[in-house]
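J.: Got chain B; can you put chain E on it based on the hints?
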Amino acid sequence: MRKERLSQGEIFDVCIIGSGAAGGVMAKELCEGGAKVVMLEAGREVNPVELLSHKWPYELPYRGLRGEKQATFYQGDISKSIAYADSDDVGVDRVRILGGRTMHWNAVTLRYAARDFKEWSTQGVEEDWPLTYEELEPYYDRIEQIIGVCGNDDHLEILPAGKHYLPPIPWRCSEHILKRATTAMGIPLIAVRKAVLTRPYDKRPPCHYCGHCMDGCDVASIFSTPDCLLPKARVTGNFTLRENALAREILVDNEGLPQAVSFVDTATRTEQQVKAGIIVVCCSTVESARLLLNSRSPRHPGGLANSSGVVGHYLHGHLGNSVSMYLDELQGKKPFNQDGATDHVYIPRYNHLSGKSNVAGGWGMQINYQSYMFPQNAHRVPGYGASFKQQVRKMQPGYLQMGSFAKVTAHQQNCVTVDPGRLDANGIPTPVVHFRFSDNDRVLWQAANQSMLEMLSHLKGRVFPSLGKAPSGFASHEVGTIRMGKYPRTSVLNSYCQARDVKNLFVTDGSCFTTSSEKNPTLTIMALSMRAADYIKDQRRKGEL
Amino acid sequence: MERRELLKLVALTALSPKVNVLQAAAACHMDASPAKPDPAQYILQFFSEDEGRLLDRLMEIIIPADSHSPGAHAAKTNLFADLMVATSDDSVKKQWQDGLRLIREEAARSSLAKALRKAAVNEGNPQTDLETFFALLKQMTVDGYYTSETAIHQDMEYLGNTYLAAFPGCTHPEHQD
Numbered sequence: 014m015r016k017e018r019l020s021q022g023e024i025f026d027v028c029i030i031g032s033g034a035a036g037g038v039m040a041k042e043l044c045e046g047g048a049k050v051v052m053l054e055a056g057r058e059v060n061p062v063e064l065l066s067h068k069w070p071y072e073l074p075y076r077g078l079r080g081e082k083q084a085t086f087y088q089g090d091i092s093k094s095i096a097y098a099d100s101d102d103v104g105v106d107r108v109r110i111l112g113g114r115t116m117h118w119n120a121v122t123l124r125y126a127a128r129d130f131k132e133w134s135t136q137g138v139e140e141d142w143p144l145t146y147e148e149l150e151p152y153y154d155r156i157e158q159i160i161g162v163c164g165n166d167d168h169l170e171i172l173p174a175g176k177h178y179l180p181p182i183p184w185r186c187s188e189h190i191l192k193r194a195t196t197a198m199g200i201p202l203i204a205v206r207k208a209v210l211t212r213p214y215d216k217r218p219p220c221h222y223c224g225h226c227m228d229g230c231d232v233a234s235i236f237s238t239p240d241c242l243l244p245k246a247r248v249t250g251n252f253t254l255r256e257n258a259l260a261r262e263i264l265v266d267n268e269g270l271p272q273a274v275s276f277v278d279t280a281t282r283t284e285q286q287v288k289a290g291i292i293v294v295c296c297s298t299v300e301s302a303r304l305l306l307n308s309r310s311p312r313h314p315g316g317l318a319n320s321s322g323v324v325g326h327y328l329h330g331h332l333g334n335s336v337s338m339y340l341d342e343l344q345g346k347k348p349f350n351q352d353g354a355t356d357h358v359y360i361p362r363y364n365h366l367s368g369k370s371n372v373a374g375g376w377g378m379q380i381n382y383q384s385y386m387f388p389q390n391a392h393r394v395p396g397y398g399a400s401f402k403q404q405v406r407k408m409q410p411g412y413l414q415m416g417s418f419a420k421v422t423a424h425q426q427n428c429v430t431v432d433p434g435r436l437d438a439n440g441i442p443t444p445v446v447h448f449r450f451s452d453n454d455r456v457l458w459q460a461a462n463q464s465m466l467e468m469l470s471h472l473k474g475r476v477f478p479s480l481g482k483a484p485s486g487f488a489s490h491e492v493g494t495i496r497m498g499k500y501p502r503t504s505v506l507n508s509y510c511q512a513r514d515v516k517n518l519f520v521t522d523g524s525c526f527t528t529s530s531e532k533n534p535t536l537t538i539m540a541l542s543m544r545a546a547d548y549i550k551d552q553r554r555k556g557e558l
Numbered sequence: 061m062e063r064r065e066l067l068k069l070v071a072l073t074a075l076s077p078k079v080n081v082l083q084a085a086a087a088c089h090m091d092a093s094p095a096k097p098d099p100a101q102y103i104l105q106f107f108s109e110d111e112g113r114l115l116d117r118l119m120e121i122i123i124p125a126d127s128h129s130p131g132a133h134a135a136k137t138n139l140f141a142d143l144m145v146a147t148s149d150d151s152v153k154k155q156w157q158d159g160l161r162l163i164r165e166e167a168a169r170s171s172l173a174k175a176l177r178k179a180a181v182n183e184g185n186p187q188t189d190l191e192t193f194f195a196l197l198k199q200m201t202v203d204g205y206y207t208s209e210t211a212i213h214q215d216m217e218y219l220g221n222t223y224l225a226a227f228p229g230c231t232h233p234e235h236q237d
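Chains as they are written, first to last, in the working numbering: chain B, 14 to 558; chain E, 61 to 237.
For the record, the hints were derived by calculation from the structure and aren't laboratory data.
Just so it is clear, the structure is predicted and the values come from calculations on it, not from any experiment.
Misleading hints may appear alongside valid ones.
[Unchecked claim] As a list, the in silico EDC-like pairs of lysine to aspartate or glutamate whose alpha-carbon atoms are at most 16 Å apart: (1) B:68 - E:98; (2) B:93 - B:432; (3) E:154 - E:111; (4) B:346 - E:234.
[To be verified] Partial list, computed: chain B residues near chain E (C-beta under 10 Å): (5) 71; (6) 223; (7) 369; (8) 382; (9) 386.
[As the list claims (entries may be wrong)] Simulated DEER-style distance windows between Cβ atoms: (10) B:84 - E:164: 33 to 41 Å; (11) B:63 - E:233: 38 to 46 Å; (12) B:99 - E:234: 48 to 56 Å; (13) E:158 - B:63: 52 to 60 Å; (14) B:167 - E:209: 17 to 25 Å.
We treat Cβ as the ideally placed atom computed from N, Cα and C, and that holds for glycine.
The following block holds chain B by itself, in its conformation from the complex (with noise of 0.2 Å):
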């Protein structure tokens, strides 16, 4: 893609900072819909030959045992730039590149469910999202056709399913396997949804099934914004892209509005601005409050769109733990290719089927989603020698992983803020988490790694749990600090992701949500900026916006 050079002057309809999941949608629905988008990324695009997906170890300097194949999703000083302040174990998992997290991702997609927007109504606890599950549904069933999402409809209340599917990813052995121990407990196991192509699609190609998903996909099968959004919104002609362009600050009038964005060009180490009438702030949950938080003037003394207090509260995400099984029925077979697109299955949330609870959410289960070429349990199987190379070898056949991923409740206090003593590498206050998990995240995920290992206790073979002695988070599922809510007071955006306080600020990325569900955001995310877009488009044909 090429470099934009920006007109001095040039006043844009609408500034979006990020190019990720929300960015990308907003840039083209927008674009397509007539307006001038500039978009702001901090990172630079990478060419796919640039990807390490398919090096073996050995090719590589360290073995990829310290991050080279991944190394460039983050650019920059991206990894250094956080601090973390009376928190518990949670990480949060910043990229900075074209794209962000949709060139580093699983590719999991599941749409909420009518309840997981009404904690309040359903289960006592946080709020009611400012919108219905019926209102989200019919962006739920653009996005999905626009990105292409291979599964089925599998007919639960808890997991909506649209009905323009591609073909699911055919089961693994141990995937059929585990069905024995899930219908043992009267648990759904189904295909899993994913925005992975398993035939040609929007001009691009199936899977090739390598197993590489989150080294970066250098065929364009799992949707990435640069291979999918980015092309449509190019096509009108109304979209100019700046990499490299990390967001300082959002500038305002004298009323207070936003009018221009600050940034710093990290090739040339310049201070630039762009005006637009309306910005949209897509740099994802941490990065988004960062930059609101760092948007002081008289107008806003707390922080852009802050006179709630409310912008980086609220911040929480998901808890997780795993645990790997070998079977015994594998065990000792001729080698086979296992690969796949990582996940093919996946264990919906199941503990409400059992009733009233006294604990708020639940979890779901990814299944197989970690490499198979490394045998894992040559770190977990005792001993050394002989006998133990042989194990390792006989065991990893029979290799069966699972993950849980549960809710966590959001709370005030939880936040993130800005520390005008760290700057960053281009002088720009770096954020601090602050967060502690509730007593409600303990019990939800002791209950899980209860479930998981019942679960396998139906099936023949070895377990080693990795389940540690407190919950960690977030999984890089983390939400909530710039949120959307029906009272004013706790929260900052209405249900158009519009910040109260200044109607020509969006926010759309998982900062947005008012609670968090067990299931992955991304699709959430997609289908609230694309209802974002469209309110825009229609206030601007108003002439509100």
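T.: Then chain E, alone, in the frame of chain B:
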């Protein structure tokens, strides 16, 4: 992958003018940066020659050659260990030098095999410095061996990291519901 197989795959797909599957897929076989490390050219950066040889012997005891495949010696796992330790903090370097010294002292009293057996006796719950070093040594041996060309292709006979036009899935009747 053979080029004709790749071309067949490409012919099966609808290509975007902006996504060149052939170029992208074939690029994985190109020697793009970073350069592939060459064990034959490697010179010890941290361990002495004596320590390197000791490590080689220890690692070969932990993962030996057998009738199926070569072991840690053939995979030059000791050189991998040298690189990893040489590029670690001083505290890690000290752990390794102290650990090798402990093993050597123990071996002088009996034999290397007996020294390793003693080091491994509380593998799940190390109590002494020697036992703690065994955990470190085994982890390094496992990491180095199972990421080597020898282990991946000869020992584990790993068949993945390739291109499939379709994923076959399980067709075994005994595994179906």
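J.: Assess, step by step, whether the Cα of residue 346 (chain B) is no farther than 16 Å from the Cα of residue 234 (chain E), and give holds or violated.
T.: holds (14 Å)
J.: Would the hint linking residue 154 (chain E) and residue 111 (chain E) be met if the CA-CA limit is 16 Å?
T.: Satisfied, since the Cα-Cα distance of roughly 13 Å is no more than 16 Å.
J.: Would you say the C-beta atoms of residue 167 (chain B) and residue 209 (chain E) sit inside 17 to 25 Å of each other?
T.: The hinted range 17 to 25 Å is violated for residue 167 (chain B) and residue 209 (chain E), with Cβ atoms some 43 Å apart.
J.: If I claimed the Cβ atoms of residue 84 (chain B) and residue 164 (chain E) lie 33 to 41 Å apart, would that claim hold in this structure?
T.: Given range 33 to 41 Å: holds, Cβ gap about 37 Å.
J.: For the restraint on residue 382 (chain B), tell me whether the closest CB of chain E is nearer than 10 Å.
T.: violated (14 Å)
J.: Taking 16 Å as the top limit, are the C-alpha atoms of residue 68 (chain B) and residue 98 (chain E) close enough?
T.: holds (15 Å)
J.: Please check whether residue 99 (chain B) and residue 234 (chain E) have a Cβ separation lying inside 48 to 56 Å.
T.: Holds, since residue 99 (chain B) and residue 234 (chain E) (Cβ atoms, about 53 Å apart) stay within the stated range.
J.: Holds or violated: residue 71 (chain B) as interface residue toward chain E, Cβ cutoff 10 Å?
T.: holds (5 Å)
J.: Please check whether residue 386 (chain B) passes as an interface residue: C-beta within 10 Å of a C-beta belonging to chain E.
T.: holds (6 Å)
J.: With 10 Å as the cut and Cβ atoms as the points, is residue 223 (chain B) at the interface with chain E?
T.: Holds. Min distance 6 Å.
J.: Take a look at whether the Cβ-Cβ distance between residue 158 (chain E) and residue 63 (chain B) falls inside 52 to 60 Å.
T.: violated (41 Å)
J.: Given the hint that residue 93 (chain B) pairs with residue 432 (chain B), does the C-alpha gap stay at or below 16 Å?
T.: This hinted pair holds, its Cα atoms lying about 14 Å apart.
Of the numbered hints listed earlier, those contradicted by the structure are 7, 8, 13 and 14.
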